[in-house]
Amino acid sequence: MKKIKQKLTTLLILGTFFSNISFSKNIKIVEDAAKNKVEVEKKIDKIGITPMPWASVVYAIDGSSEKIVTMNPSSMKAYKGNFLEKLDSDFGKIDTKIVGQNFVINLEELIKLEPQVMLIWDNQKDEAEKLKALGIAPIMVKNKTIEELQASMKAVGEILGKEIRANEFIELYSKTYQKIKSYENEVKKAKKPKVLYLRDSKLSFAQGSDNFIRETLEMAGADNIAGKSISMEEIVATNPDIILLSNFDPFTPEDLYNNKIKGQDWSQIKAVKEKRVYKTPIGIYRWDAPGVETPLMMEWLAKVIQPEIFKNIKFNSDLKKYFKNYFNYELTDSDVAQILNHEANKNSKKINLE
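Mapping to our numbering: the sequence shown position 65 is 65, numbers consecutive.
Since the hints were made in silico from the structure, they are not lab data.
Glycine residues also receive a C-beta, built at the ideal position from the N, C-alpha and C atoms.
Incorrect hints may appear among the rest.
List time: in silico BS3-like cross-link candidates among lysine-lysine, alpha-carbon distance up to 30 Å [as the list claims (entries may be wrong)]:
1. 97 x 130
2. 260 x 311
3. 194 x 179
4. 67 x 202
5. 346 x 270
6. 97 x 80
7. 311 x 144
8. 132 x 97
9. 43 x 86
10. 181 x 191
11. 260 x 270
Quick list of the computed label-pair ranges, beta carbon to beta carbon [stated by the list, open to error]:
12. 89 x 37: 35 to 45 Å
13. 232 x 64: 36 to 46 Å
14. 211 x 129: 26 to 36 Å
15. 237 x 351: 24 to 34 Å
16. 45 x 324: 21 to 31 Å
17. 202 x 316: 17 to 27 Å
18. 92 x 263: 28 to 38 Å
19. 257 x 307: 15 to 25 Å
20. 90 x 129: 23 to 33 Å
21. 63 x 215: 25 to 35 Å
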């Protein structure tokens with residue numbers, strides 16, 4: 001351990017010394033989502049990832065997980081037992097011990113993997129300086145708005161030399177956003193169901209307060225019940241028409257229908273009585289978070305919340321086209337059931353996704 005620390009210190013000193021030397025032949029400049037101009041090796045073979053959704057984004061843009069050397073452990077939780085296992089068995093071999101749940105990076109262990117690039121959140125400024133000193137290019141990603149997500153995807157595409165592939169996801173996002181937005185006048189006139197989107201069973205965070213999800217819910221015609229935290233008393237008072245359950249927690253509609261969560265009483269909530277509680281989809285990653293499947297999430301929410309307004313959107317067809325076009329994979333009925341959590345939602349009111 002002492003030798004590793006000494007090596008780390010030496011690398012930090014040498015990295016700082018050489019940081020101003022330009023090796024232009026093998027280096028290109030990439031602008032990340034935080035507008036930083038970052039020197040990156042032209043050929044990237046190893047990349048580390050701090051933010052949870054971005055391992056799936058790198059996988060999608062690169063077409064495999066072979067360049068990912070470490071990622072957030074929560075990314076692995078979204079992988080195990082879910083659809084991505086069918087597409088990429090190697091994803092399950094990626095290291096998850098170097099990046100902490102709180103996004104802290106163990107630099108002593110990281111240097112052993114020799115990543116050339118590390119994707120980090122835009123607020124990880126201290127980590128960025130340490131990574132640069134080690135000769136690891138820090139690329140900051142952001143995803144609170146469409147523009148931030150697209151800028152982040154663009155940077156990832158440039159890093160991987162997959163600009164065209166990244167642009168395909170960026171364009172799909174813009175196209176779908178405009179498609180949902182085109183129903184704006186009808187949505188404004190419609191009666192809006194009260195929607196509660198929960199992140200976890202402890203009621204510690206309403207997923208609908210996330211900037212990205214909030215806008216998507218509003219576009220889909222929801223009266224969004226959101227807040228940094230929400231109590232059972234507040235839920236009883238607002239009495240939501242629809243409840244959505246994220247994949248950041250293993251809770252299911254049955255937990256609410258059968259009052260299985262200790263200290264909570266869901267028996268008189270309208271959404272529970274009418275069986276309108278839904279576990280949200282999970283494919284390449286959790287659809288609760290912005291990523292490459294967000295266009296699908298936009299459509300799914302629209303069909304759940306305002307089925308009459310968005311009846312012309314053919315979600316099931318779009319879902320199958322998406323995986324065929326972007327992953328060259330023909331979804332089976334079993335795949336669709338897994339992605340859309342049919343088993344968890346089997347006793348909930350049927351959603352017309354045709």
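Quick rundown of the hints versus the structure:
1. Straight-line distance between C-alpha atoms of residue 97 and residue 130 comes to about 19 Å, which keeps the hinted pair within the 30 Å bound.
2. Only pairs whose Cα atoms come within 30 Å are accepted, and residue 260 paired with residue 311 is rejected, the gap being roughly 35 Å.
3. A hinted pair counts as satisfied when its Cα atoms are at most 30 Å apart, and residue 194 with residue 179 qualifies at roughly 23 Å.
4. In summary, the hint linking residue 67 to residue 202 is not supported, as the alpha carbons are separated by about 36 Å, beyond the 30 Å threshold.
5. With a CA separation close to 18 Å, the supplied pair residue 346 and residue 270 stays within the 30 Å bound.
6. Of the supplied pair hints, the one linking residue 97 and residue 80 holds, its CA atoms being roughly 16 Å apart against a limit of 30 Å.
7. For the given pair, residue 311 sits about 28 Å from residue 144 by alpha-carbon distance, which is consistent with the 30 Å threshold.
8. At most 30 Å may separate the alpha-carbon atoms for a hinted pair to count; residue 132 and residue 97 meet this at roughly 21 Å.
9. Pair hint residue 43 plus residue 86 holds up; C-alpha atoms about 28 Å apart against a cutoff of 30 Å.
10. Among the hinted pairs, residue 181 with residue 191 is consistent with the structure: their alpha-carbon atoms are about 17 Å apart, no more than 30 Å.
11. Restraint check: the Cα-Cα separation between residue 260 and residue 270 comes to about 17 Å, which is no more than 30 Å; the hinted pair holds.
12. Look at residue 89 against residue 37: about 37 Å separates their beta carbons, and that is inside 35 to 45 Å.
13. Evaluation of the 36 to 46 Å hint for residue 232 and residue 64 yields a pass: the beta carbon distance comes to about 45 Å.
14. In this structure the supplied range 26 to 36 Å holds for residue 211 paired with residue 129, their Cβ-Cβ distance being about 27 Å.
15. For residue 237 and residue 351, the hinted distance range of 24 to 34 Å is satisfied, since their beta carbons lie about 27 Å from each other.
16. Roughly 29 Å separates the CB atoms of residue 45 and residue 324, a value that falls within the hinted 21 to 31 Å.
17. Hint check: residue 202 to residue 316, Cβ distance near 34 Å, so the stated range 17 to 27 Å is violated.
18. Residue 92 and residue 263 have their C-beta atoms about 35 Å apart, which keeps the hinted 28 to 38 Å range intact.
19. A hinted range of 15 to 25 Å holds for the C-beta pair residue 257 and residue 307, which are about 21 Å apart.
20. At roughly 32 Å, the beta-carbon separation of residue 90 and residue 129 lies within the given 23 to 33 Å, and the hint holds.
21. Taken as a hint, the range 25 to 35 Å holds for the pair residue 63 and residue 215, whose Cβ atoms sit roughly 29 Å apart.
Of the numbered hints given earlier, the model fails hints 2, 4, 17; all others are met.
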